[in-house]
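Construct the complete structure from the given sequences, taking the supplied hints into account.
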Amino acid sequence: MKHRSMTVLRAGMLLLSAALFGALVWLLWQTVPWAAVRWGILGLCAAIFAVVGLWAWYQRRQVSLFADDLCETLDALMSGRTVEGYQPYEDSLTAKVQGKLMQYFDIMSEGKRQSQRDKETIQGLVSDISHQVKTPIANIKMFTGILRGHDLPPEKRAEFLATMDGQIDKLDFLMQSLIKMSRLETGTFTLHMEETRLSDTIAQAMSTVWAKAEAKGIDLSAECDGAITVQHDPKWTAEAIGNILDNAVKYTPPGGKVAVTVRPWQFYTRVDITDTGIGIPEEHYNDVFQRFYRAPEVAAQEGVGLGLYLANGIITRQKGYISVKSKAGEGTTFSVYLLS
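Using this note's numbering, the first residue of the sequence shown is number 1, and each one after it goes up by one.
Treat the hints as calculated values from the structure; they're not laboratory data. Mixed in with the good hints, there may be bad ones.
As the list claims (entries may be wrong) - Okay, derived cross-link-like pairs now, DMTMM-like style, lysine to aspartate or glutamate, Cα gap no bigger than 25 Å in a straight line:
#1 Lys319 to Asp287
#2 Lys96 to Asp68
#3 Lys100 to Glu72
#4 Lys319 to Asp272
#5 Lys100 to Asp68
#6 Lys250 to Glu239
#7 Lys319 to Glu195
#8 Lys250 to Asp165
#9 Lys134 to Asp118
#10 Lys257 to Asp225
#11 Lys119 to Asp106
Stated by the list, open to error - Label pairs and their calculated CB-CB ranges:
#12 Gln59 to Leu191: 52 to 62 Å
#13 Ala11 to Gln59: 14 to 24 Å
#14 Thr190 to Leu161: 32 to 42 Å
#15 Ala19 to Trp55: 20 to 30 Å
#16 Ser92 to Thr333: 53 to 63 Å
#17 Pro254 to Arg117: 41 to 51 Å
#18 Glu72 to Asp118: 25 to 35 Å
#19 Ser115 to Met175: 23 to 33 Å
#20 Met193 to Ser109: 37 to 47 Å
#21 His192 to Cys71: 52 to 62 Å
Bear in mind the structure is a predicted one, so any value in this text is a computation, not a measurement. Glycine residues also receive a C-beta, built at the ideal position from the N, C-alpha and C atoms.
Here is the structure:
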């Protein structure tokens, strides 16, 4: 329909041009008595008409070449070839449009790559979850089968039931960690920022690991001025610091020390969690904040590798950050920086 309309329009323009030219000839012959003048004016009008026609042809030719260049650019991008003849610094319409097309292609390609990375991350996540869940479920099934199929002494039955309770607790811990991770990554959790005493938050975090530290004979201490206040979410910040403390207690040998020290700075308040544990090699400083990361030397220890990942995410979303300094065999210091 559009092509037919353009054909009709062109035909109409030609008829109008012919009519105007005929009217001009009639007007010249009726009003100008000198033949030389008539032919001169007619020749001038014909020359103008020819120039306009030539200019229209040139413009149409340029549009055709422009369309050909764009089609070639699109064909090259779709097939993954290098765009031939592209001059990024040329001040021309073709170069500008080609540049925008290539920018759009780069954005779409990055989106495709990100989608592939997300797919691989999800696959890895499913694999990690399956691995973490497999052992406790297998243990629960095994002990359930033993309890059902054998008449065990009361003390042995109690031992098996206690073991099953421990496996159920491990599953519950894993599920809770995954829920927190999901809320963190999807942004569905809400931070309730308030100016409150940091010492209360530290105390709440320490209460979650006090029993474990006491069971291992680890000296757990804190140094925090009760007058120090920080704009933060007490619940989630306690969760983050508690996760760091849990790691410190877990990887510190019996009889060791874990200390929390708070120091106010000009823009940040620094919370140091220092332990006398096994330490972290410098090349793994960034790895420990990755999801499900477990160093080979601690693979046998209980845990799923989400604690530090969650802690880093929580602090980062409060416009803070975490740094780590460690020496293998001597201990580690995690420093949490909260905006003052």
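#### Entry: Distance restraint between Lys319 and Asp287, which requires alpha-carbon spacing of 25 Å or less
Given pair Lys319, Asp287 holds - Cα atoms ~21 Å apart, limit 25 Å.
### Task
Below or equal to 25 Å on CA atoms is what counts here, so check Lys134 against Asp118.
24 Å, holds
#### Entry: Agreement of Lys257 and Asp225 with the hint, judged by alpha carbon distance not exceeding 25 Å
Given that 25 Å is the threshold and the Cα spacing comes to 20 Å, the pair holds.
### Query
Has the hinted range 41 to 51 Å been met by the Cβ atoms of Pro254 and Arg117?
42 Å, holds
### Assessment of proposed distance window 20 to 30 Å (beta carbons of Ala19, Trp55)
22 Å, holds
### Query
Taken at face value, is the distance from the CA of Glu195 to the CA of Lys319 at most 25 Å?
Status holds; Cα separation ~15 Å.
### Query
Is the hinted pair Lys96 and Asp68 satisfied, with a Cα-Cα distance of at most 25 Å?
Holds, because 15 Å separates the two Cα atoms, which is no more than 25 Å.
### Message
Between the beta carbons of Glu72 and Asp118, is the distance compatible with 25 to 35 Å?
### Response
33 Å, holds
### Task
Could you tell me whether the CB distance from Ala11 to Gln59 stays inside 14 to 24 Å?
20 Å, holds
### Task
Starting from Lys319, check that the Cα of Asp272 is at most 25 Å away, please.
Roughly 17 Å between the alpha carbons, so the hint for Lys319 and Asp272 holds.
### Message
With the threshold set at 25 Å, check whether the alpha-carbon distance from Lys100 to Glu72 stays at or below it.
### Response
15 Å, holds
### Task
Using the beta carbons of Thr190 and Leu161, state whether their distance is inside 32 to 42 Å or not.
Between Thr190 and Leu161, where Cβ atoms are some 39 Å apart, the hint holds.
When the structure is compared with the earlier hints, no violation turns up for any of them.
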